[in-house]
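Number of protein chains: 2
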Amino acid sequence: MTTMTATRTPYDELAHISRSASLLGGTAGLLGWDQEVMMPPGGLEYRSLQLAQLARLQHQTFTDERVGDLLAECEADAGVTDDPDSATAVNVRELRRDYDRQTRLPAELVEEEAKLASLGQHIWQEARRKSDFTTFRPLLEKIVDLMRRKAECYGWPDDGEAWDALAEDYEPGCTAKQIEEVFTPLRDRLRTLLQGLMGSSTKPPNTFNELPLDLGRQRRFVRGIAEAIGFDFDRGRLDISTHPFCSGSHCNDVRLTTRFHECNVNDALGSTMHEAGHGIYEQGLLTEHVGTPMGSAVSLGIHESQSRMWENQVGRSHAFWKWAHPKLREFFGSAANGVDLETAYGGANIVTPGFIRVEADEATYNMHIMIRFELERAILRGDLEVGDIPEVWNAKYRDYLGIDVPDDARGCLQDIHWSMAAMGYFPTYTLGNLYCAQFFETAMDQIPGLEAQFERGKFGDLKQWLNENIHAHGRRYRAADLCEHVTGKPLSADPLMRHLEGKLRPLYGL
Amino acid sequence: MTTMTATRTPYDELAHISRSASLLGGTAGLLGWDQEVMMPPGGLEYRSLQLAQLARLQHQTFTDERVGDLLAECEADAGVTDDPDSATAVNVRELRRDYDRQTRLPAELVEEEAKLASLGQHIWQEARRKSDFTTFRPLLEKIVDLMRRKAECYGWPDDGEAWDALAEDYEPGCTAKQIEEVFTPLRDRLRTLLQGLMGSSTKPPNTFNELPLDLGRQRRFVRGIAEAIGFDFDRGRLDISTHPFCSGSHCNDVRLTTRFHECNVNDALGSTMHEAGHGIYEQGLLTEHVGTPMGSAVSLGIHESQSRMWENQVGRSHAFWKWAHPKLREFFGSAANGVDLETAYGGANIVTPGFIRVEADEATYNMHIMIRFELERAILRGDLEVGDIPEVWNAKYRDYLGIDVPDDARGCLQDIHWSMAAMGYFPTYTLGNLYCAQFFETAMDQIPGLEAQFERGKFGDLKQWLNENIHAHGRRYRAADLCEHVTGKPLSADPLMRHLEGKLRPLYGL
Numbered sequence: 001m002t003t004m005t006a007t008r009t010p011y012d013e014l015a016h017i018s019r020s021a022s023l024l025g026g027t028a029g030l031l032g033w034d035q036e037v038m039m040p041p042g043g044l045e046y047r048s049l050q051l052a053q054l055a056r057l058q059h060q061t062f063t064d065e066r067v068g069d070l071l072a073e074c075e076a077d078a079g080v081t082d083d084p085d086s087a088t089a090v091n092v093r094e095l096r097r098d099y100d101r102q103t104r105l106p107a108e109l110v111e112e113e114a115k116l117a118s119l120g121q122h123i124w125q126e127a128r129r130k131s132d133f134t135t136f137r138p139l140l141e142k143i144v145d146l147m148r149r150k151a152e153c154y155g156w157p158d159d160g161e162a163w164d165a166l167a168e169d170y171e172p173g174c175t176a177k178q179i180e181e182v183f184t185p186l187r188d189r190l191r192t193l194l195q196g197l198m199g200s201s202t203k204p205p206n207t208f209n210e211l212p213l214d215l216g217r218q219r220r221f222v223r224g225i226a227e228a229i230g231f232d233f234d235r236g237r238l239d240i241s242t243h244p245f246c247s248g249s250h251c252n253d254v255r256l257t258t259r260f261h262e263c264n265v266n267d268a269l270g271s272t273m274h275e276a277g278h279g280i281y282e283q284g285l286l287t288e289h290v291g292t293p294m295g296s297a298v299s300l301g302i303h304e305s306q307s308r309m310w311e312n313q314v315g316r317s318h319a320f321w322k323w324a325h326p327k328l329r330e331f332f333g334s335a336a337n338g339v340d341l342e343t344a345y346g347g348a349n350i351v352t353p354g355f356i357r358v359e360a361d362e363a364t365y366n367m368h369i370m371i372r373f374e375l376e377r378a379i380l381r382g383d384l385e386v387g388d389i390p391e392v393w394n395a396k397y398r399d400y401l402g403i404d405v406p407d408d409a410r411g412c413l414q415d416i417h418w419s420m421a422a423m424g425y426f427p428t429y430t431l432g433n434l435y436c437a438q439f440f441e442t443a444m445d446q447i448p449g450l451e452a453q454f455e456r457g458k459f460g461d462l463k464q465w466l467n468e469n470i471h472a473h474g475r476r477y478r479a480a481d482l483c484e485h486v487t488g489k490p491l492s493a494d495p496l497m498r499h500l501e502g503k504l505r506p507l508y509g510l
Numbered sequence: 001m002t003t004m005t006a007t008r009t010p011y012d013e014l015a016h017i018s019r020s021a022s023l024l025g026g027t028a029g030l031l032g033w034d035q036e037v038m039m040p041p042g043g044l045e046y047r048s049l050q051l052a053q054l055a056r057l058q059h060q061t062f063t064d065e066r067v068g069d070l071l072a073e074c075e076a077d078a079g080v081t082d083d084p085d086s087a088t089a090v091n092v093r094e095l096r097r098d099y100d101r102q103t104r105l106p107a108e109l110v111e112e113e114a115k116l117a118s119l120g121q122h123i124w125q126e127a128r129r130k131s132d133f134t135t136f137r138p139l140l141e142k143i144v145d146l147m148r149r150k151a152e153c154y155g156w157p158d159d160g161e162a163w164d165a166l167a168e169d170y171e172p173g174c175t176a177k178q179i180e181e182v183f184t185p186l187r188d189r190l191r192t193l194l195q196g197l198m199g200s201s202t203k204p205p206n207t208f209n210e211l212p213l214d215l216g217r218q219r220r221f222v223r224g225i226a227e228a229i230g231f232d233f234d235r236g237r238l239d240i241s242t243h244p245f246c247s248g249s250h251c252n253d254v255r256l257t258t259r260f261h262e263c264n265v266n267d268a269l270g271s272t273m274h275e276a277g278h279g280i281y282e283q284g285l286l287t288e289h290v291g292t293p294m295g296s297a298v299s300l301g302i303h304e305s306q307s308r309m310w311e312n313q314v315g316r317s318h319a320f321w322k323w324a325h326p327k328l329r330e331f332f333g334s335a336a337n338g339v340d341l342e343t344a345y346g347g348a349n350i351v352t353p354g355f356i357r358v359e360a361d362e363a364t365y366n367m368h369i370m371i372r373f374e375l376e377r378a379i380l381r382g383d384l385e386v387g388d389i390p391e392v393w394n395a396k397y398r399d400y401l402g403i404d405v406p407d408d409a410r411g412c413l414q415d416i417h418w419s420m421a422a423m424g425y426f427p428t429y430t431l432g433n434l435y436c437a438q439f440f441e442t443a444m445d446q447i448p449g450l451e452a453q454f455e456r457g458k459f460g461d462l463k464q465w466l467n468e469n470i471h472a473h474g475r476r477y478r479a480a481d482l483c484e485h486v487t488g489k490p491l492s493a494d495p496l497m498r499h500l501e502g503k504l505r506p507l508y509g510l
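Chains A and B, in that order, are what the protein sequence lines are.
Take the first sequence: its position 68, counting from 1, is numbered 68 in the working numbering, and each next residue is one higher.
Take the second sequence: its position 67, counting from 1, is numbered 67 in the working numbering, and each next residue is one higher.
Hints should not be assumed to be uniformly reliable.
Stated by the list, open to error - Distance windows between CB atoms, simulated: (1) B:Q121 / A:T7: 53 to 63 Å; (2) A:E288 / B:G387: 28 to 38 Å; (3) B:G449 / A:L44: 37 to 47 Å; (4) A:R8 / B:Q121: 48 to 58 Å; (5) A:L44 / B:E108: 40 to 50 Å.
Claimed, not checked - If we take Cβ atoms under 8 Å as the criterion, some of the chain A residues that face chain B in the derived model are: (6) L31; (7) M38; (8) P40; (9) S48; (10) G230; (11) R235; (12) R237; (13) I240; (14) S241; (15) H243; (16) F245; (17) H250; (18) D253; (19) V351; (20) F355; (21) Q414.
Calculated directly from the structure, the hints in this document are not laboratory data.
Where a beta carbon is used, it is the ideal one built from N, C-alpha and C, also for glycine.
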C-alpha cells in the first residue's frame, strides 16, 4: 500500500484498503464454504486456525489508524462527499460507520465474546441433547451480561435501547421500536388467520410432500429451476451440505448449497430457490463496486427479502406451478404420476403450527421469530430473567400458535443463535418476509403481466427489476429508506398479510 | 504475535512465524485447488488477486527483520542447535536457508520475474499454437538473461555454476555436476535398452489401452485403488481436473485430482496412483511439525520418488496386477472380458518413443528430461544460443530416442516450464525415478515377502516403511543425504536400470 500512497487520492487509498480487507473476507468465505461442502474431516483443526488468521488480518487491515486519517480527509473533501447519494459519499459514510463500530469494541471484549460463543455452543449442544435449560442458564446469563456491555460500547440514541445497538450488526438503522410497530399488527392478524385455517375442515393434500423421487433426478430438477429463475452458473455453483446456505467470495463467485431427502423434493426445491435468491442478490451487486460498501448487501433483512422472493412469492405461487408442474413428469417420469397441478401447489402451501422454527411454513414462521424477538428484547431491558425464559417461551407458543411445547429441546433450546452471542439477529428473518411482500406488490404494479410470465417460465423481468431497484444500490440506502425509495411507503404488515390471506384462505376453503 | 513475545523463547517465536507463513501458504494451496477443480469461470479475476494478496502476506511474514534477529538468537543457543539432527536444529538451519534466499532477491527482480513469467506463458502459448519458435525466442532470451541475474543474486560455490543456484529452488543441495554423473550412464544404458526393445519383434499387446469402460465405474475403481495403497480419505479427497495434481493445505487435508478418458483406464489409474503417492508423502509428514521445515517435504525430486513409487514400482508390477486384474471384472463386468492378466500387465508397460514428454512411458520419459537438462545447462553456461535450441533439441531426439521431431510444437515448444521462468526444474522428474528405484530396492531387501504382499493387495508394509524412512524426517536431510541414510549408498543409475531392464526385456522377448 505505502509505495503507491503518493500518487493516490485519500479516497482511492481508502477504497484500496476496503478492497484489501474485503478480499481477505472473500478468501475466508471460500474456506468456510469448503469446510461445509468439501473438506475431509481431518482438515478441521487447521481450518479454524486459517479462518482465525484471516479474520485477524482483515481486522488489522481495516482498523489501522491510517483508515481513521483517510476517513477524516475524505469527509473534508467536498468533491467526495457533496452529493450524499454518490458512490464516493456512500462509501465514505459506510466505511466511517464500520470503522467506528470496529474500533469501539475493546480487544478484551472481542476475545471474551469469541470464547463465550465457542463455549456457549458447546454447552448449548449438551443442554439441548439433555433437553435441560438449567445447564445452559448460567452461561446464557454470562452472554446476556456481555451483550449488555457490548451494547454500551456501541452506544445508542436517547430514544433507543440496548437491543438496537446489537441489532445494528445485522440490520443497520433498525430499532426495536420500529420493529414493534410492524410486528404487533402482524402478530394479531396472523393469529386470526391461523385460527381460521386450523379451524377449517378443508385443507390441501399432502401427497406431494411424501413422494419418493430419485435423488439424481431431484438434483437435476432443482438445478434447472435455479438456472431458470436467473442464478448464473458461470458465476456460481450449487452443491450439497447438511444445512443449505449461500456463500462465496464475491459477486462473480457465489456458492449455493441445498440438501435432498428422498421423500421431499419440495424441501430441496424450497431450499434451492431460497439460496438462489440470496445468490441472485450477490450476483446482482455491481462488479465495479466490489469490495466497497457500494458493492455490498444492505442488511440481513434485505438479503432475506431476496431469498424469500424466489422461495415464497415465486416458488409457492400458482403461476409458478402451472409452469413447473409439467416438469415433474419430464424429470421424474411415472414416479410423479399422482401429482396434479393442485396437489403440487397445495403441497407447497400447507400450514401446520409446530415447535421447530426451521421446519415452519410460510405463515407460522413469523410467529417463531416474533416470540424470540419479544424475549430477547425483554431480557436486554431487564424485564425478564434468563431463568424465566422456558416458562415465558412456552406460554407464548400456547398463545400465538396454540400448541403446548413438550420440552426445552423443542422449546427455548432449539436455536443456536443466543449460544453464539448473536442477539438482535432473529427479527431479520421476518423483516425479510415483510420487505419481500412489499417489494413484490410494487413489482406486480410496475411489471405488466408478471404472473403470466411465471406461467411461461419467464422470470427475467422480475430479476431485472430486483437488479435495478435493489441490488445495484449496494449500501446506498438503509433498509427502511430503500423500502420507501422502492415502494413509496414505509414498511408495513399489510402486504405480507394480503399475500398470506389471499393465498391461504382459498386453499383452506375460507 | 507481539503480545506473547515476552513469554516465548526466540525459537518458539521463530516457529510461530514459520507456522503463520505456512498457514497462509496452505490457504493459498486450497484456493489453487479450488480454482482448478471447483471455481466457476467468473471467479478467475478475483482469484488471482486473492492469491497475490496471500503470497504478499506470506512473504512479508517470513522476511520481516525480526526473523533475521530470531534466527541469530537461535543459532547462538546451544540448546537449540547443538544436536544437528534434532528438530530444533533442523528447523533453524532450514529457516535460515529459506530466509537468506528470500531476502537475497531484490523486489524489482521478483516483480520483473512475475511479469516476464506471465507474459512468457502468453507468448509461449501463441508460439506453440503457430508452432513457431522464432516468435518465442526474444522473450526466452529475456528470461534467460533474468535467470542469470537471479542466479547471481543467489550465488553459488566456486566449483559450481549458475544452473545450481536456480535448481536450489526445487532440489536443495543438488548440482549440475552431480546430476551429470548419474545422468550420463543412465542415458547410455537407456539408449542401449531402447534400441534393443525397438528392434525386437515381440511386444506386449495394446488391447488394455484401447478398451472403452464406463466413466463412473472407472471413478470407483481408481478411488478403490488409491484407498487400498494407503491414501487416507479422512484426511484428503480425490477429484477431477484437466491436469492431475496433488495439492491441499497441510498433512491432514490433501487434495488429489485425476482425469478420465473413456478408452484408457490405465491413464486414470496411473495418474491416480501417481498423485496418491504424492498425497501419501504429504499425509506422512508429522502433524507435530506442521508449518515448519521438519514437517515439510525434502525436495521435488524426493516428492516425485514417492509418486513414482506407487505409479511405477507398484502399479506397473506383475504382483500388483495379479491382485488388481480380477478387480477389472468386478468393477467393469463383461466390458473387461478381453483383458487377461498378461494383457493388463503388458498394456501397463508398453514402451513407445514419442515426441511428447507428458505422454511418455516409464523408460523413454527420462530421455525427455535429460535432453531438457543438457539444453538449459548449456544455455545458462553460454555454450548454447537461445536461437539454436530447435536444432539442438531435434538432433538430441534423433540421437537419444531415434525419432525425427516434425515441428516446434511437438519439439522445443511443448513444455510450459521455461516460459514460466522455471529453469533447473526438469531434472527433478528423473531424479525422482532414480531415488524411487533405489529406495524400492532397499525396501525389497528390508521387508520380507513384499511382492507376495502386493499379490494379496497388501500395501501397508511398504507405506509404513516409506513413512518411517522418508516422510517422518521432513527436511532433516538433503535429498542426497537421505538417499545415503536410507539405502547406504549414493544415488546411482544402477537400481533404475536394473528395474527397467529386469521388467522390460522379458516383456519384449529379450
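Verification of the hints:
A C-beta distance of roughly 29 Å is found between B:Q121 and A:T7, which places it outside the suggested range of 53 to 63 Å. Checking the proposed 28 to 38 Å range against A:E288 and B:G387 shows it is violated: the Cβ atoms sit about 46 Å from each other. A hinted range of 37 to 47 Å holds for the C-beta pair B:G449 and A:L44, which are about 38 Å apart. Remark: the range hint 48 to 58 Å for A:R8 to B:Q121 is contradicted by a beta-carbon distance near 30 Å.
Between A:L44 and B:E108, the C-beta spacing of about 42 Å keeps the proposed range 40 to 50 Å intact. Because the closest C-beta pair between A:L31 and chain B is about 7 Å apart, less than 8 Å, the hint holds. Hint status for A:M38 relative to chain B: holds, with the closest Cβ pair at about 7 Å, below 8 Å. At a threshold of 8 Å, the smallest CB-CB gap from A:P40 to chain B is about 6 Å, leaving the interface hint in force.
Interface hint at A:S48: violated, since its Cβ lies 11 Å from the closest Cβ of chain B, which is beyond the 8 Å cut-off. A distance limit of 8 Å between C-beta atoms decides the matter here; for A:G230 the minimum to chain B is near 15 Å, and the interface restraint is violated. The beta carbon of A:R235 comes within 3 Å of a beta carbon in chain B, closer than 8 Å, and the hint placing it at the interface holds. Taken as an interface hint, A:R237 checks out: its beta carbon lies about 6 Å from the nearest beta carbon of chain B, inside 8 Å.
Checking A:I240 against chain B: minimum C-beta separation of about 13 Å lies over 8 Å; hint violated. For A:S241, the suggested interface contact is broken, since its CB lies about 14 Å from the closest CB of chain B, more than 8 Å. Hint status for A:H243: violated, given a least beta-carbon distance of 19 Å to chain B, over 8 Å. The beta carbon of A:F245 comes no nearer than 16 Å to any beta carbon in chain B, farther than 8 Å, and the hint placing it at the interface is violated.
Against a cut-off of 8 Å between C-beta atoms, the interface hint on A:H250 holds, since the closest Cβ of chain B lies about 5 Å away. For A:D253, the shortest C-beta to C-beta distance to chain B is roughly 3 Å, which falls under 8 Å, so the interface hint holds. About 38 Å separates the beta-carbon of A:V351 from the nearest beta-carbon of chain B, more than 8 Å, and the hint is not met. With a cut of 8 Å, the hint placing A:F355 at the interface with chain B is violated, because the nearest CB-to-CB distance is about 36 Å.
The restraint placing A:Q414 at the interface with chain B is violated, with a minimum CB-CB distance near 31 Å, outside the 8 Å limit.
Of the numbered hints stated above, those contradicted by the structure are hints 1, 2, 4, 9, 10, 13, 14, 15, 16, 19, 20 and 21, listed in ascending order.
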